Each structure stands twice: as structure tokens, then as C-alpha cells.
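Read left to right, the sequence shown gives residues 262 to 845 (the numbering used here).
Quick caveat, the hints were computed from the structure, so don't treat them as lab data. It is possible that some hints are incorrect.
Simulated crosslink set (DSBU-like; lysine-lysine; CA at most 35 Å straight-line) [claimed, not checked]:
| no. | residue 1 | residue 2 |
| --- | --- | --- |
| 1 | Lys825 | Lys710 |
| 2 | Lys551 | Lys446 |
| 3 | Lys551 | Lys290 |
| 4 | Lys688 | Lys825 |
| 5 | Lys815 | Lys551 |
| 6 | Lys302 | Lys506 |
| 7 | Lys829 | Lys688 |
| 8 | Lys840 | Lys551 |
| 9 | Lys506 | Lys688 |
| 10 | Lys392 | Lys290 |
Here the structure is a predicted model, which is why all the values come from computation and not from measurement.
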Amino acid sequence: MIKNLVILFLVVSAYGRCYAQEFDSRDDKEVVSEVERLHKKAHDLFFSEDSIKHAINLLEEAYKISDEANYSSGIIESTEELGRGYLSLSENAKATRYFYMSLKKAESINDSAGVSQAYIGLGLVMYGMRKWSDAISYFTQSSVYNHGVEASSLIGYLLGLCYLNQGDYVKSRDYLLNSKEAFDKESMQTGVLESRLYLNNLEAQRSIKPRIMQEYDTLLALFESRNEKVGVCFTLEGKAKYLLKLGQIEEASACANEALRIAREVGLVYPLHSILDVVIKTEYESERYKSAADYLLELEGLKDSLMNEDAATQIAMLKAGHDFEKKEVSFGAQIEKRNRQRIGLLVLLVALGIVTISVFLSLRGVAKERKRSDELLTNILPKETARELKETGTSSAIAHKQVTIVFADIVKFTRIASNLEPQALVKMLHTYFSKFDLIIKSFGLEKIKTIGDAYMFVSGLHSSTNNSALKAVESSILMLAAVEGLEKEMLEKYGVSFKFRIGMHTGEVVSGVVGTVKYAFDIWGDAVNIAARVEQNSSPGCINITAGTYELVKDKYNCESRGKMQVKNMEDQEMYFVKAQKKT
Numbered sequence: 262m263i264k265n266l267v268i269l270f271l272v273v274s275a276y277g278r279c280y281a282q283e284f285d286s287r288d289d290k291e292v293v294s295e296v297e298r299l300h301k302k303a304h305d306l307f308f309s310e311d312s313i314k315h316a317i318n319l320l321e322e323a324y325k326i327s328d329e330a331n332y333s334s335g336i337i338e339s340t341e342e343l344g345r346g347y348l349s350l351s352e353n354a355k356a357t358r359y360f361y362m363s364l365k366k367a368e369s370i371n372d373s374a375g376v377s378q379a380y381i382g383l384g385l386v387m388y389g390m391r392k393w394s395d396a397i398s399y400f401t402q403s404s405v406y407n408h409g410v411e412a413s414s415l416i417g418y419l420l421g422l423c424y425l426n427q428g429d430y431v432k433s434r435d436y437l438l439n440s441k442e443a444f445d446k447e448s449m450q451t452g453v454l455e456s457r458l459y460l461n462n463l464e465a466q467r468s469i470k471p472r473i474m475q476e477y478d479t480l481l482a483l484f485e486s487r488n489e490k491v492g493v494c495f496t497l498e499g500k501a502k503y504l505l506k507l508g509q510i511e512e513a514s515a516c517a518n519e520a521l522r523i524a525r526e527v528g529l530v531y532p533l534h535s536i537l538d539v540v541i542k543t544e545y546e547s548e549r550y551k552s553a554a555d556y557l558l559e560l561e562g563l564k565d566s567l568m569n570e571d572a573a574t575q576i577a578m579l580k581a582g583h584d585f586e587k588k589e590v591s592f593g594a595q596i597e598k599r600n601r602q603r604i605g606l607l608v609l610l611v612a613l614g615i616v617t618i619s620v621f622l623s624l625r626g627v628a629k630e631r632k633r634s635d636e637l638l639t640n641i642l643p644k645e646t647a648r649e650l651k652e653t654g655t656s657s658a659i660a661h662k663q664v665t666i667v668f669a670d671i672v673k674f675t676r677i678a679s680n681l682e683p684q685a686l687v688k689m690l691h692t693y694f695s696k697f698d699l700i701i702k703s704f705g706l707e708k709i710k711t712i713g714d715a716y717m718f719v720s721g722l723h724s725s726t727n728n729s730a731l732k733a734v735e736s737s738i739l740m741l742a743a744v745e746g747l748e749k750e751m752l753e754k755y756g757v758s759f760k761f762r763i764g765m766h767t768g769e770v771v772s773g774v775v776g777t778v779k780y781a782f783d784i785w786g787d788a789v790n791i792a793a794r795v796e797q798n799s800s801p802g803c804i805n806i807t808a809g810t811y812e813l814v815k816d817k818y819n820c821e822s823r824g825k826m827q828v829k830n831m832e833d834q835e836m837y838f839v840k841a842q843k844k845t
């Protein structure tokens, strides 16, 4: 299946190559013929994941033949097509490498159309990685070198999508309207429909009008009649978001899940991020918490793959290398004009280059270590606390009037742990707590620590809003759903699974950093002690809350009163079990 990062189906099917090769009499006719044959055969294979890999092998062969014969057009086309092939397989670093190879060769022979196409490829890589500003930069550079009508409409269309994702609706609308008009003149129906879809998405984000839903339905019918599954997928995604905005949860859920099914069927990677976001919201609003938790974990995994640090580093180095080479060529041209100063300037430039590289490597090493240090610090401390420590060397204690403290621990942990090997026990705890970390992170909450089998976090520590209790309940529901989802896996691996109980309380705390050798961020106050006692009074698979928390969530959740419960060394507390979200 084609793993398109973006609307690659439009690029491959409607765009093709935006420039025609001119046969140079100096090129070997047999070489040209063989390269063209391999390219044509590769084009016919761009329809499934397996065949794309075969197409890449053919293009590698075409590149090798072109390179050995110094056939420039063959090199440019082969490397650009290889970039597209690897982009289709979501191998961004390899795609970028080949696009830069194509760009370098096209620049060397002043092939403006080839330069333009390489920049489009690089822009698509950035688009797929959701780096809108970088994508805009590449697409804009492509437009400078482009002289073809078809490519102009495509570039304008891609720029319109980038600005839409950035929230610049004025620029997005202008580009999409122009590209729609251009596609229409070129009789590129797929481009027209795509432009209409994103113009409708833009209007759906800004207003509520009957014609928006009518346009979605019209576009769905048109894409289906043309058997364009990718178009159907993107239209369903847009419609699902609009239905969610209207509060039509079940209808939004149906559209989002169908879009997800199609995306997986045809191998689309790029839209999964936004489709999963809608699916999670609809599943949660429909009280299918386990399903919402599963999709949330899938989304986090997808984010990690899209933001793969190794690939990002390779891409950055490729860009830096290309920029350096361009500057080097520019310096060379200037030196050539200054005949008598040539050797002196060259020596000077080499010396400066060595010094610059040495300084750069040194600074890069320092920056890399500083980044590692910063990441470690922010991993154990809240961002504001870490910033204050770095700037002043100390951290002030902060009073918080209303936060929700949550404890979750394992039921009958001691008995279970006594029958497990130490390594197995640690692996199980790591598995469960890692799932909790992902959920807490997705809600923007602060993990405080783990204490043996207990997991502690707090909601509302860095926010002045009154929804700290709601976020605490929502994240706790997903945590219990994640525990349930892990049961089968744990039983198969270790012959046992954990059951968690959760307790929470809302009140005042003080937060700060203690220690000078090993920094430890913590919170203190009666509210913390009460939350710990409330958790001890909870039951397996349940969320136990106090009256203070209940008052903040009762409008959204049905709760079961448990009456006043005894709390060790404290006054009795009114407690409630959170049961289910109220129907809206």
C-alpha cells in the first residue's frame, strides 16, 4: 500500500514530472533509452508498498547507469523519483538525501525546472513531519524556479494547506482559491476537488453554516464516484471535525472511524494524527474509555515516529551540507574573478573554514550536552521550576490554592510481588507506569513521583483554570482503561496482572524543590495527606473522590455517594465513587 505522507496521490498522478527532458546529442542514445525504460517501468509500479520497493530498485539501477555515463537529466530524474519513492514509504531521511542529490545536480546545470521539483519534494517531507514553516520555505523556493503552469497550481495548493495548518486563514484562502481556478483551467479534476475540500475545511473552522455540511456530502459523492479513496478519507476527516464542533458525537464518531479505516487500508500516514485526535474525542465523549485510551497510546506512538530524532538530525545535516556547498560555490566564483588574490584568499578561506568548523564542532558539542542537561532537568522538574533553577540556582516555594492530587496504587501488591522474580516485577511496573506517563503528558498534568507501587500526580499546578478536577478524573478514567487493556498481555507474559485503585482530593498545597545534591520536586500540605487516605479507601478499578472534588465534577459525571468515611488521623471525609459521564 502507498504510504502517502500528504496528498502524494495528487503529486504522483496529476503532477508527474513538471518538465520535459531535452535529449542532448552528447548523451549516449542507448543510455538514455535504458534509463527511460527503467523509469517507465518504475512508474507503473507506484501503486502498492511492495511494488514501490521494486520500483526503488529499478530507479537505483537507472541512477547508477546515469551516473556512470554522466547523463545529467537521468541523474536528476532518478534521484528525484527515488526521493518520492522513499517519501511514499515514510522514510524521510532517505527521501531528503535523494531530493538534495537531485537539487545539487539540477543546480549544477542550471536546470530550473529540476530545482523546482526537488524543492517541492523537500517541502513534502517537511509537510509530512508537520513542520509548516520549513515546508512553506521550500515550496516558496520552488515557485521561484518554476516556469510550468501545472507546477504553479500545485505549489499554490500546497502553500494553501500549510497556511491553513498554521491558522493563517487569509493567506490559505487566497492560495486555495487561485489553485482551484488553475486546476479547473487545466482540467485537473482531482486538484479542483481537493481545493474545494480544504476551502470548506477552512470555512468549517471559522463558522457554522448549512452549506458547509452540504459541500462535504457533495464532495464525498464526487470522490466516491471517481473511486478516489484518499479523497474520501480526507473528506470524512473534515466532516467528522465539523460534526464534533456541532456536538453530533455519534455521527462524528462514525465519520472519523471510517476515515481511520480507509487511511489504514490505503496506507496513509499523514492524516492519522488528526483523525486519531477526533476518534479519541468522540470515543471519550461516548464513554468508551478503554477504546479512547488505546487510541491515545497509538497517537503518542505516531507522534514519536513522526518526530523521530535520528531522522530529524540526518535531515538537518543534509540541509546544512547543501547550504555550505552553495556558499562554497559562491566563494569559488568570487575567487575566480580576483586572479592575483586567488591563492591568498583560498588559503584564508580554508583557514577560516577550519577554524569555523572547529568552533562549530566545539559549540555543537557544548550545545548538545546542554540540551541533554536541559532535557534531564525538565524531565524531573516542571518547566518553570527548571528555568528558575538554571537562571538563579535556587527555586522559590509556590502556594497553590486549588489543585487536585491523585494517587493510584496496586491492589494486593505485596502478595503478588512475593511470587514474582524481581526483574519481572520491575518490567511490569515499568509497563504500567509508562502508559500512565503518556496519559498524564497528553493532559498536560504534572507527575510528582512513584512510591513503590503507588503513582502520584497533580492537576492544576500551573494553571489558573477551574478544570483541574475534571482533567484529573478524565486522565484517571483513561489510566484504568489502559490497565484493563494490558491485562491479557500481562497474563500471557507473567501469569498475573495488576489491578489499580485511585483516590483524589482537591485543595491547597505548596510546591518546591528540596535538596542540593539530587533535586527533588514535591508538593506538601494536608490536601496531599487526604488524597493518600482517600486512595486507601478506594476499591479495585474505582476512582474515589472527596466532597471538594465532587463539587467540581458533579455537573459532568454521575457519582455514587459513599457517605462519611473514616480517615486515619484526620476528620472523617465525605467520599464518592465516580461512575460515568453524564449524557449531554
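Going down the list of hints, with the structure as the test:
Of the supplied pair hints, the one linking lysine 825 and lysine 710 holds, its CA atoms being roughly 29 Å apart against a limit of 35 Å. With a CA separation close to 50 Å, the supplied pair lysine 551 and lysine 446 exceeds the 35 Å bound. Proximity of lysine 551 to lysine 290 is assessed by CA-CA distance (about 63 Å); at most 35 Å being required, the pair is judged violated. For the proposed pair lysine 688 and lysine 825, the alpha carbon gap of about 38 Å is over 35 Å, so the pair is violated.
Simply put, lysine 815 and lysine 551 have alpha-carbon atoms about 22 Å apart, close enough for the 35 Å limit, and the pair holds. Restraint check for lysine 302 and lysine 506: the C-alpha separation of about 46 Å exceeds 35 Å, so the hint is violated. Between the alpha carbons of lysine 829 and lysine 688 the distance comes to roughly 33 Å, so the proposed pair stays at or under 35 Å and holds. A hinted pair counts as satisfied when its Cα atoms are at most 35 Å apart, and lysine 840 with lysine 551 qualifies at roughly 15 Å.
For the suggested pair lysine 506 and lysine 688, the alpha carbons sit about 41 Å apart, so the restraint of at most 35 Å is broken. Annotation: proposed proximity of lysine 392 to lysine 290 is violated, straight-line Cα distance about 42 Å (limit 35 Å).
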